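As numbered in this note's numbering, residues 98 to 511 make up the sequence shown, in order.
Since the hints were derived computationally from the structure, they do not count as laboratory data.
Model, not experiment: these values are computed from the prediction.
Be a bit skeptical, because a hint or two may be false.
Okay, derived cross-link-like pairs now, SDA-like style, lysine to any residue, Cα gap no bigger than 25 Å in a straight line [claimed, not checked]:
1. 171 - 213
2. 283 - 373
3. 238 - 218
4. 319 - 269
5. 283 - 368
6. 238 - 220
7. 146 - 403
8. 425 - 270
9. 146 - 168
10. 230 - 214
11. 319 - 171
12. 216 - 501
13. 425 - 308
14. 238 - 470
15. 419 - 316
16. 419 - 501
17. 152 - 468
Estimated spans, in silico, between C-beta atoms of each pair [as the list claims (entries may be wrong)]:
18. 383 - 350: 21 to 29 Å
19. 423 - 135: 51 to 59 Å
20. 350 - 423: 45 to 53 Å
21. 149 - 329: 33 to 41 Å
22. 380 - 165: 17 to 25 Å
23. 362 - 309: 27 to 35 Å
24. 312 - 378: 19 to 27 Å
25. 165 - 308: 44 to 52 Å
26. 467 - 389: 40 to 48 Å
27. 124 - 423: 34 to 42 Å
28. 384 - 123: 54 to 62 Å
29. 367 - 423: 23 to 31 Å
30. 200 - 506: 36 to 44 Å
Backbone N, C-alpha and C fix where the C-beta goes; we use that ideal spot for every residue, glycine too.
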Amino acid sequence: MKKNVLIIGAGGVAKVVAHKCAQHNDELGRIAIASRNISKCQAIIDSVKAKGSLKQPAEIQAYALNALDIEATKALIRETESQIVINVGSSFLNMSVLRACIDTGVAYLDTAIHEEPGKVCETPPWYGNYEWKHLAECQDKGITAILGVGFDPGVVNAYAALAQQQYFDTIESIDILDVNAGSHGKYFATNFDPEINFREFTGQVWSWQNSQWTSNSMFEVKRTDDLPVVGEQNLYLTGHDEVHSLSKHLNVPNVRFWMSFGEHYINVFTVLNSLGLLSEQPVKTAEGLEVVPLKVVKAVLPDPSSLAPGYSGKTCIGDLVKGTKDGKPAELFIYNVADHKDAYVETDSQGISYTAGVPPVAAALLVARGEWDVSRMANVEELPAAPFLKLLDVMGLPTRIKDKDGDRPWDQAL
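All chains, full assembly: derive it from the sequences and hints.
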């Protein structure tokens with residue numbers, strides 16, 4: 098049984114991870130939080146203690162770490178005696194942290210695909226460019242590495258697997274719908290790291306259609322859906338991590354990801370992008386300084402974690418699945434609704450961080466209990482969905498089903 102958790106990262110998602118690990122430290126053991134900025138780690142620990150999140154008195158400690166330094170990461174894993182590493186730092190860190198986990202023989206969890214700073218929207222499948230190159234090594238060495246176990250990717254992957262296993266005979270399409278109907282009150286801000294956020298939208302939009310990769314541009318393809326709680330929303334076809342694993346593992350001909358955007362966001366994004374301010378490539382100023390425009394934009398925008406106190410409204414994220422059951426056309430929406438204010442009351446974080454931060458802790462608990470300690474690299478849809486979703490039900494992210502028979506908790510629909 099694995100225990101003792103090292104959390105890498107100190108942003109909004111890491112704060113939620115720390116609170117949730119603390120709430121389950123009777124199973125997860127000691128908690129270490131590491132980032133280049135140790136003061137941000139300590140601030141998270143202060144929040145955990147102020148909220149009384151520790152289930153039982155135990156060690157929770159901050160460490161300074163440059164996670165790109167593989168040897169330093171390995172040394173910290175050994176120093177803290179951590180057997181589970183939850184990587185919720187920048188996705189630029191993934192391959193370094195994964196390497197450290199493989200070399201030290203500990204479990205690795207992350208919430209997004211690896212990215213290289215100078216590359217955007219690479220050739221699909223994205224996992225094949227980085228993480229999946231280590232499939233054989235993890236298998237040979239018995240390393241548990243669970244990829245993309247946030248909400249999307251992560252929970253939506255489990256939704257897709259559950260739909261295939263229990264609700265459909267055949268599936269024609271999986272459309273992942275991601276709506277944030279909340280308001281942070283700022284003129285303009287992103288809900289997570291601006292650099293990572295914008296990189297999703299400045300390159301090609303890759304989707305899996307008719308069993309092949311299809312390319313569009315951002316904001317080219319739009320749909321409108323009337324969704325539970327949040328109502329009618331405009332969503333746009335967007336490239337996203339989970340499309341790249343679901344298209345491989347579920348044998349579904351159409352897998353797409355859609356995200357909601359307001360007109361104000363689209364207008365500001367369009368201006369920034371048109372001016373070249375969202376470029377990941379360095380430029381020189383008149384004074385001879387070399388800067389990356391995207392990093393400058395990131396520096397002047399609000400820190401996503403600072404949005405939490407004033408955030409209101411809800412999110413709705415789920416899978417719209419269409420196919421056949423018992424020879425007849427079938428359709429269902431399997432989803433979660435989260436509340437920004439509720440997330441702040443519990444964890445000092447906004448709802449986007451909450452939905453991304455709770456699932457890796459549920460996964461860590463399943464690893465600690467042995468249910469997901471699979472001694473290989475896996476995406477979420479390859480693992481048993483029911484125990485994961487049952488944990489999320491009691492950890493703050495309950496799942497619901499909406500189909501021809503109505504809207505109800507998912508376990509009542511079985």
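We went through each hint and held it up to the structure:
1. 171 - 213: holds, 21 Å
2. 283 - 373: With Cα atoms ~23 Å apart, residue 283 and residue 373 stay inside 25 Å; holds.
3. 238 - 218: Violated, at roughly 31 Å.
4. 319 - 269: At roughly 20 Å apart (the allowed maximum being 25 Å), residue 269 and residue 319 satisfy the hint.
5. 283 - 368: holds, 18 Å
6. 238 - 220: Violated, at roughly 29 Å.
7. 146 - 403: Status holds; Cα separation ~19 Å.
8. 425 - 270: Holds, at about 15 Å.
9. 146 - 168: violated, 31 Å
10. 230 - 214: holds, 19 Å
11. 319 - 171: violated, 45 Å
12. 216 - 501: violated, 44 Å
13. 425 - 308: The hint holds at about 22 Å.
14. 238 - 470: Given pair residue 238, residue 470 holds - Cα atoms ~13 Å apart, limit 25 Å.
15. 419 - 316: This hinted pair holds, its Cα atoms lying about 24 Å apart.
16. 419 - 501: Cα-Cα ~12 Å, so holds.
17. 152 - 468: Holds, at about 22 Å.
18. 383 - 350: 21 to 29 Å: Violated, since residue 383 and residue 350 (Cβ atoms, about 52 Å apart) do not stay within the stated range.
19. 423 - 135: 51 to 59 Å: Given about 58 Å between the Cβ atoms, the range holds.
20. 350 - 423: 45 to 53 Å: The hinted range 45 to 53 Å is violated for residue 350 and residue 423, with Cβ atoms some 20 Å apart.
21. 149 - 329: 33 to 41 Å: holds, 40 Å
22. 380 - 165: 17 to 25 Å: holds, 24 Å
23. 362 - 309: 27 to 35 Å: holds, 30 Å
24. 312 - 378: 19 to 27 Å: This hint holds: roughly 21 Å between Cβ atoms.
25. 165 - 308: 44 to 52 Å: violated, 37 Å
26. 467 - 389: 40 to 48 Å: Because 44 Å falls inside the window, the suggested range holds.
27. 124 - 423: 34 to 42 Å: Given a distance of about 41 Å, which is inside 34 to 42 Å, the answer is holds.
28. 384 - 123: 54 to 62 Å: The hint (54 to 62 Å, Cβ to Cβ) holds, given that residue 384 and residue 123 are roughly 56 Å apart.
29. 367 - 423: 23 to 31 Å: Between residue 367 and residue 423, where Cβ atoms are some 47 Å apart, the hint is violated.
30. 200 - 506: 36 to 44 Å: holds, 42 Å
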